[in-house]
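Undergrad: Sequence:
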Amino acid sequence: MENRESKGIRIMCLVIFLTFTLSWLMFFQRDLMSAAVTVLSSDRSSSYACFFVSVLLIFLVLLPVPIINSIFKFRNGLYAANYTLSAFMLGAFTGYDGNRFFGQSGKEWIISVCFVAAIFIFSVIKSFSVRSNTPDNPRKISDNLLIMTLLFCLAAFLGNTDENLHRKLRIERYLSKGQYEKALQVGCNEEETDSDITLLRVKAMLLLDADNPGSGTGEHLFTYPIREPKLLSSGLSKLLSDPMYDNVTVNIARALVDCDIYTADSLIMPFLRQGRLPAYYMQVLVLNESTDAAARFPEEFAKEKERFDLFVETLERMKNDPMLIRANSTYKEYGKTYYWYYEFRHTYTNTY
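Using the working numbering, you'd call the opening residue of the sequence shown number 129 and step up by one each time.
Errors might be hidden in some of the hints.
Dumping the calculated DSS-like pairs for lysine-lysine here, alpha-carbon to alpha-carbon at most 25 angstroms [claimed, not checked]:
id, residue 1, residue 2
1, Lys135, Lys310
2, Lys447, Lys464
3, Lys447, Lys433
4, Lys201, Lys235
5, Lys135, Lys201
6, Lys464, Lys310
7, Lys460, Lys431
8, Lys431, Lys358
9, Lys433, Lys460
10, Lys201, Lys254
11, Lys235, Lys254
12, Lys305, Lys254
13, Lys431, Lys464
Just so you know, these hints were derived from the structure itself, not from any lab. All values reported here derive from a predicted model rather than from experimental measurement.
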């Protein structure tokens, strides 16, 4: 009959595994779960569906536990080994890569299967090794915690932990709900990005522009890294045929990305009649030495011109340094200005 200490260790293993599984599904993999449920149900309001699918997955991954226990009958208190197949299934079920539900590579499957086999072999050998008659509960607890830690690593290895994909899916979810400000907050302090995320962010900015022209791209466009300007420009061109987006604002954004300040200047001119000019629009006009902007917004123009002059002076002092050093050295102070982007666009994929 199982003693109280052994029963306590079993309960400890169950609680730890359930806690990890719930956290893994509902927090770390929430975006992937929502995206997968959306694909299956075609329902973008899938919060409850995501919860029920998570609960269903928990039951599924726990099914092998009693089976493994009856087959291997691990002794010496190695009850955590019963969750080996469960951890493997948990990682496998969360491998969605945006296109395939099981996005793991062949190499990942092979490594994971070998890892599972190694855990089983190790646990069987240790479980049937000679043990002393003296109870050693701290050792049993530490052995189980070690195995649990290895199993959690296995689940993380098989599951999708691509941060850019998670950010992309989260931005898409906010866009579908019309929460454009929240979409722009996703990964706003992270330098790592890709062309898909950049275009999604610009879409959120353009949709903000629909209510208040210039408040989106004019205020936010260069606060985020733009690693592939040509791809972004191409993506913006395709939006010109989409009635959701204002063509004027799209063309301004495209001209800014392409560093075509003369086209941008001509398109921004109508905005001078407004009471306020967005930050990046003003910076373009400063670059182009717009007399109209200087007359219409004398204080704002003078302040921005002073900032631009300081940037030019800084570059002048570093004129003998390589381009990459100049870009990196000025990024902290000017990296989120249009001046910096305009100067270092061609080295933009290498600087941050």
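Undergrad: Each hint should be assessed against the structure and marked as holding or not.
TA: Now for the hints, and whether the structure bears them out:
1. A distance of roughly 47 angstroms separates the Cα atoms of Lys135 and Lys310; the hinted pair therefore is violated under the 25 angstroms criterion.
2. A C-alpha spacing of about 21 angstroms is found between Lys447 and Lys464, which places the hinted pair at or below 25 angstroms, so the restraint holds.
3. Straight-line distance between C-alpha atoms of Lys447 and Lys433 comes to about 21 angstroms, which keeps the hinted pair within the 25 angstroms bound.
4. Pair hint Lys201 plus Lys235 does not hold up; C-alpha atoms about 31 angstroms apart against a cutoff of 25 angstroms.
5. Under the criterion of a C-alpha separation no larger than 25 angstroms, the hint pairing Lys135 with Lys201 is consistent with the structure, at around 14 angstroms.
6. Among the hinted pairs, Lys464 with Lys310 is consistent with the structure: their alpha-carbon atoms are about 20 angstroms apart, no more than 25 angstroms.
7. Between Lys460 and Lys431, the direct Cα distance comes to roughly 19 angstroms. Compliance with the 25 angstroms bound is thereby established for this hinted pair.
8. For the proposed pair Lys431 and Lys358, the alpha carbon gap of about 31 angstroms is over 25 angstroms, so the pair is violated.
9. A distance of roughly 19 angstroms separates the Cα atoms of Lys433 and Lys460; the hinted pair therefore holds under the 25 angstroms criterion.
10. For the hint pairing Lys201 with Lys254, the CA-to-CA distance comes to about 12 angstroms; that is within 25 angstroms, so the pair holds.
11. In summary, the hint linking Lys235 to Lys254 is not supported, as the alpha carbons are separated by about 28 angstroms, beyond the 25 angstroms threshold.
12. Restraint check: the Cα-Cα separation between Lys305 and Lys254 comes to about 53 angstroms, which exceeds 25 angstroms; the hinted pair is violated.
13. Between Lys431 and Lys464 the alpha-carbon distance is near 16 angstroms, which keeps this suggested pair within the 25 angstroms criterion.
Comparing the model with each numbered hint stated earlier shows that hints 1, 4, 8, 11 and 12 do not hold.
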